[in-house]
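Undergrad: First to last, the sequence lines map onto chains A and B.
If you're matching positions, the first sequence starts at 1 in our numbering and goes up one per residue.
If you're matching positions, the second sequence starts at 1 in our numbering and goes up one per residue.
If you're looking for bench data, these hints aren't it; they were derived computationally from the structure.
All values reported here derive from a predicted model rather than from experimental measurement.
Be a bit skeptical, because a hint or two may be false.
Below, a list of computed lysine-lysine pairs in the DSS-like style, where the Cα atoms sit at most 27 Å apart [as the list claims (entries may be wrong)]: (1) 812(A) to 152(B); (2) 700(A) to 719(A); (3) 719(A) to 119(B); (4) 720(A) to 148(B); (5) 152(B) to 700(A); (6) 991(A) to 924(A); (7) 812(A) to 700(A); (8) 984(A) to 1022(A); (9) 700(A) to 753(A); (10) 908(A) to 149(B); (11) 700(A) to 149(B).
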Amino acid sequence: MPATYLWSVDSAGKVYTLSTGGRQWEEVKGDIELKRVTATEQCAWGIGCDHQVYLYVHSREVPIRCQEATYENQRWNPMEGFSGQHLLPTDRWHWSNQQGTQLQPKDSCTLPSPHWSWEDDWYIDENIRGEPTDKGGWQYAVDFPAQYGPKKRWNSCVRRRKWIRYRRYHATDNWALIPGVFEDPLKEPFIDVAAGGAELTDQPPGRVSVWTVTIMGRIFYRTEVHAMNPEGVSWQEVDNEGRECTQISLGPSCLLWAVTWDGEVMVRVGITRDNPIGTSWQVVAPPREDVHFLQVSVGVKGVWAVSRGDKVWSRKGVDATGGAEDQAALVGSAWVEMVGAMALISVGPNDQVWSLDANDRYMVYFRKGVTPSELSGKTWKALEISKGGPASMNSSVSSSMSDIYSQSNMLSSQMDRLQVASDSFPDIQPQASRPNLASDSFTDSTQKGGEKAEKFEDSQDSKATHSLSEETSKESKKKKEGEEEEEDNKERKALHESYNSDISDTVVDFTRDYVPQKQGAGSNNKEAQTVRTMENTPKGKAENTHRTLEGSPENSRNAICGSQDSGISKGNMASSTESVDARTSNGKRNPVLEKLQQEDESQSESSGSRRGSATSFTGIDMYADLYQPDPAWVWVSGGGCVIDTFTQPNWFTAAPSHTNGRGNSMLGPLDSMAIWGQVQINDAPWRKRVLLQLHERTTKELQPFQDYEQAIERTSWIKKGSLQYWSDTKPHRWVDCRLHLEQSSGKGLYDCKFTCYYKYYDSEKYLQFPLSEIVCVLRVNHGGNQRPVLAIYTAKRTAKKVPVRLACSTEKELEDWLTAISLACCELQGCKGAPTSRAVWSTTCRGDIFVYEPTHDMEITPANQMFWRQMGGHLNMVECGGGGVVWGVGFDGTGWVYTGGYGGGMFKGIASSPGGIHTQTDVKYIYIYENQRWNPMTGFSDRGFPTDRYMWSDITGRQECTKEGTKTPTTEWHWVGDWTIDYKPPGGADKKGWQYATDFPASYHGYKGWNDYVRRRRWMRKAKIVTTGPWMEAPPQHLKDISVQVDQPESSTDPIALWAIGVNGDVLCRMGVIQDFPQGVSWLHVPTDQPMSSVSVGGNNRVWVTAQDGSAFFRNGITQKEPQGTCWFHIPSPHNRPLVQVSVGESSVWAVDKFHWLWFRTQVTSTFPEGTRWDYLSPNVKKVSVGPQDQVWIIAEDSPEKGTWIPMADEVMDKVKEKVWVLQGYVPQGSRGVVGHRLGVKIPEIPIGKTWDTQGIGGGWIHLSIRACTVQDPPTGVCTDDAAATVKGVHEEGDATIYNSQPVC
Amino acid sequence: MADDREVLRELWDGRLPIKFNLAADEVSSMEHPEPCYLLVPRQSYFPLVADKVQRYFLKYTANSQGEEMWLEYEGQPLKWHYPIGVLFDLFASSTMLPWSLVVHFQKFPEDELLHCPGKDAVESHFMSSVKEADTLKHRGQVINGMQKKDHKQLWMGLQNDKFDQFWAINRRLMEHGEENCFKHLPFRLYQSDKPCVQRLFRPITEEGEQRLLGDLVREVAPQVFNTEEDASRSWKVVIQGVEPPMETPVQWLSEHFSYPDNFLHICLVSSQ
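Construct the complete structure from the given sequences, taking the supplied hints into account.
TA: Set out below in structure tokens:
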């Protein structure tokens, strides 16, 4: 799930955000200081210090852009032909809107506000309903309100063409002023603003409600605020019914509460999707007469308020999910006084609560334990982040670590030694570094700047029982000077004074490192080590920008602080931690602090920050002073901060310790940034050495003695259990069975068997097959059994589509068996470690991910014998491509990048890769149906006939599904929110969501006919899965489709083309994707005239997309320099068959239409890449994937048009001269979601192949990608086990063959 | 969590070639029996692998019925309750392979060895080690939360040399809580001429930094680094037959390099 943000404002007017994934308040850059802020997930609205309303929109890679269109109309006359000058008086204007009802010349179209700009000039749209028009874009018709067509006919008397132009919202990442109600902003300033309402049931998607309050107590609603029009249009006054308002709060489902000047609270009622303004106010009775409310904040079910005297109240019985119908639920039932004194309260979209303490405004508090059933939560918990507690210290360390990673490596190893050394001198080191003893000289030294180092050393000398050798201090001084010179050249502007002390900090600390080490180790290389350290530090500084400059000393100091701690007694630890606190808050360049220091205002920013870090050092003693001036929080808004009860943000947990050794600082927040594969532990030098030694051990102790007898003979191990077996033969039912899974390792793998003993009419029967015959084991849905069910496929059973189905009593037992069988099979099939870069990836409707390792020549393997193994994670689709780049898209549209690991999910512990396994979340809707029958007495009611279906059921009606009784699919899933009516079910519905039919199993329609006696409506509820897998979240861009190039990159640094379609149909091109960095750097938006539905990147970067209107587009002009190409080529869809998916192989282009027909593009050549015609090949194809050798694989699917079959066009027949394959190449019916592939594809002779093999795995498969599947081995990177490869690499000069003969692992 | 399958597998598959010789003075038959050659799992215990040896030599030795077999290497009786790999690393790491051991059926060195009445004794010793280790790691919560059959599977996995069977259970013992590390590190440090050392040792510092093998050795056996005391002696730190670099985190070592009894057996071997 992408991170969301908590917003807050401090007393200096600065706005900060705190990411749910972060541990630090980040300042929001902007030109204006704010008083209040109200956040939604997409944007934030605020009240500026000038009491105007401001809007902040995050910049996204996909810009907010709007199409403006106008039509040019012409009529034919015999004199001049077509002309716009001689339109009849009854005709429309020369320039008009689409309907012709309004005059709309091009120049009448202006930008709505200064925050918009034009993308380019007007141009003609040459596409009419997916068909290209003639040059000039004219559409012809007989007369104006008629049907237009692209061709000019003899009776075409009028014509029109569409001009389009795009405007773009450019005021992102800044506070954009929203014009007030009056011209004069001072006439009636605004005092509060509330935004939300994005989840009002069934409103137009993207709509946002914004309300504001003026100083006069009047309430305004901002009209037409929308994701694509973030500013809205105008302010509309809403009658406040004589109650002057001071504050207002809006929840995500448009629950609106306001506080009046009198301290009363009122609720807006009547807000619906059609009337977002509502109808009237309803006053909420206060708990007691003397309670005067000051502020209120609402969520969906949670309403919290603050009254005079800082009392906190929570409202019981509020529920906005029912919409405006249930007024009582909007108002709630009673006030409950809560413990604690709060100045401000904010409720988030999930009813999570934040607050500001009345007495301590320096902390934002979070209400712990708020769940849907326990809305009032348990305790207030301070977010220690605001003051930069230990957690944030850690994060700052590791973030700065990354910048100077290479340099700090050496440094940290020095630190380690110091630490060890200081441990061994417990009674010396603490004294030396105890701040209160050294404090005098410390403060002194800051003032005197350059002299500080010596001073400090002096103080050490006097305190410590051992003295510094003069040589060392001299050397360090010399070094220091050298450093200064170098630095001076780099950054002349920097103030010498602050600069000096900064550097000397570092130097001093290093000298201290050095001293105990010398004492401890007494070795001869001490000098060399010191020199090395010295050299490293300046290098790190010089190389980096001033941001790192800021980070580098800070980092080293932090590390030093840590090392001091180890020596300092426990009592002292606290003080040194707090000194770090002060510094972190200081790192934000706290204005008050700066004032305190009375620094010159003209100083540059970089010197300012350096000054900050310089003082922070003295902070060790002065932290008490620094603590106070930190500006207090004045406002907090959790409206855009989504926190699930089961995935808590990182705010409370300390940053993870460096679990993988100190050599790796890439952990914690960085974990998600740049980890490709298993770099963490696997690349640690110590692991390589350990592994190498282990191999050497084997070589020494085992290799020469292979002929010895084994002391312990290995035998097989049988895992036993009792499950239920679905009887294959009649009568079909669940019978108890005993399961034996025989496993062994090493030799004797061949005799492993899978046996299932069951009773059949009192006779003992059993089912047995060797493990090697199993081609897939997976979890399946099985109606009729509440227990979790797993299915085992053998080749024969795959072809017949009857797996062995076994029901387990618990989820745990199922996972146990599933992993046991799966791992045993993997071992047998030799599938170890991560999938190769050639693997075929697929997903099922359950979101499970499966991988098939193709043999060298894939064509030979029949589809039913392919072994599919499961990977952890939950995805809707996975696309792979050249260079081993694999991306997935979740059901919620989140993009995920494959990390190169394996396992995760239910594959735990040793079945998972050591690195690259991350938490993964996904969201989907669960649907149930409410059924009703009409009777003459009561009308429609839930009393049906005894023969009817359940009144609450699944879609088939056979399964009872009540709101209470319906469970999430597995225990990994949790409910999010409550059941709501789906107003837009497929097939349409009336205003209340009902669909009508004459009788139950009939077809439903969205209106009530005279003979409709039954009706149903669909309820939906969001469910969220939290699992793990080798996937890393891609930047927060919700995607619909994705495609990676089929070509193998020639080198590992070649850019790899990766294109995607955003959820709203935007075309995106990912920049910076290379083999070792598959996540890439940023999205590049490729403008289109209409939303797209699918994309595919073929050989030579030929990009094809399908559009929403069913036509296809080819992107022209893609080169290395211009990876996004230059223009779109419009390619009409086959007649009346809107294309929905396209896949482009090395040379051939295939597409699937809406009715599941498969089309092939003929005569696609390198000089004529768009081809000439679509040729029909087969019905019943749901998805097609074309590989780098132009292999064609499909997901076969029953077509909605069953049995229709049109003959192949004659020209195609002639061309191929082989009529037979046309009939053979017909995907049989009854194969729903089955993997198939095309046999006999031969490039260039028979690009469409000969027959289908649709015997593959299936029943619920929804996506497939063979786009990485080259027949010849890719140039690099093929190895089943990364680690084994590294060992090989390390040991190249030795006997590499040993490792080949001896299976590693 | 122990998740580096490659390392675990490699360690599990560790074998030692051993040449068993019957003690010359115990031979009762006419000719001296040929030595018995076996590949013995490093992770195992001698009583578990002794069946074949015992059967082989019994016919050559008289009046040894009922006598307990014991092994000796260069005059050193071998303790059966140490894993075989530990015994080898400790006493014979520099020897020529195969490792030549002397088999005795008489004169049991009562003052040096414990009796081993049978495999049950090994099992109870093994299980008590596992429990002790878990007490150190998780205050015993994991092992106590297991069922009897899980304990049995652990033991049977070791006895029958079944990696998957063993690790299916053992991985639960290797899990760690929110702290990302064990409470204390179960380890034993051996030197050939001194009693073994066992101490409480936290795998992380108070600041949450991982502690390294070097830290541990320095704390428990400072003489390794103290070269000045006796410059002629230098020490090797051997675990499972290899010398892990001193910068290896102890937590990782404990998860991956522990013997099946969940203890990290560290051998200090002097290399003159």
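Undergrad: Now, for every hint given, state plainly whether the structure supports it.
TA: Against the structure, the hints:
1. With a CA separation close to 20 Å, the supplied pair residue 812(A) and residue 152(B) stays within the 27 Å bound.
2. Straight-line distance between C-alpha atoms of residue 700(A) and residue 719(A) comes to about 35 Å, which puts the hinted pair past the 27 Å bound.
3. Under the criterion of a C-alpha separation no larger than 27 Å, the hint pairing residue 719(A) with residue 119(B) is consistent with the structure, at around 23 Å.
4. Between residue 720(A) and residue 148(B) the CA atoms are separated by roughly 16 Å; this keeps the pair inside 27 Å, and the hint holds.
5. Distance hint between residue 152(B) and residue 700(A) is unfulfilled; the C-alpha atoms sit about 33 Å from each other, more than 27 Å.
6. A threshold of 27 Å between alpha carbons decides the hint, and for residue 991(A) with residue 924(A) the separation of about 24 Å falls inside it, so the pair holds.
7. Taking the CA atoms of residue 812(A) and residue 700(A), the gap is near 43 Å; set against the 27 Å cutoff, the hint is violated.
8. Between the alpha carbons of residue 984(A) and residue 1022(A) the distance comes to roughly 15 Å, so the proposed pair stays at or under 27 Å and holds.
9. Of the supplied pair hints, the one linking residue 700(A) and residue 753(A) is violated, its CA atoms being roughly 35 Å apart against a limit of 27 Å.
10. Note on residue 908(A) and residue 149(B): the hinted pairing holds, with a Cα-Cα distance of about 21 Å set against a maximum of 27 Å.
11. Of the pairs offered as hints, the one joining residue 700(A) and residue 149(B) is violated, with about 37 Å between alpha carbons and a cut-off of 27 Å exceeded.
In summary, the structure is inconsistent with hints 2, 5, 7, 9 and 11 from the numbered list given earlier, while agreeing with the others.
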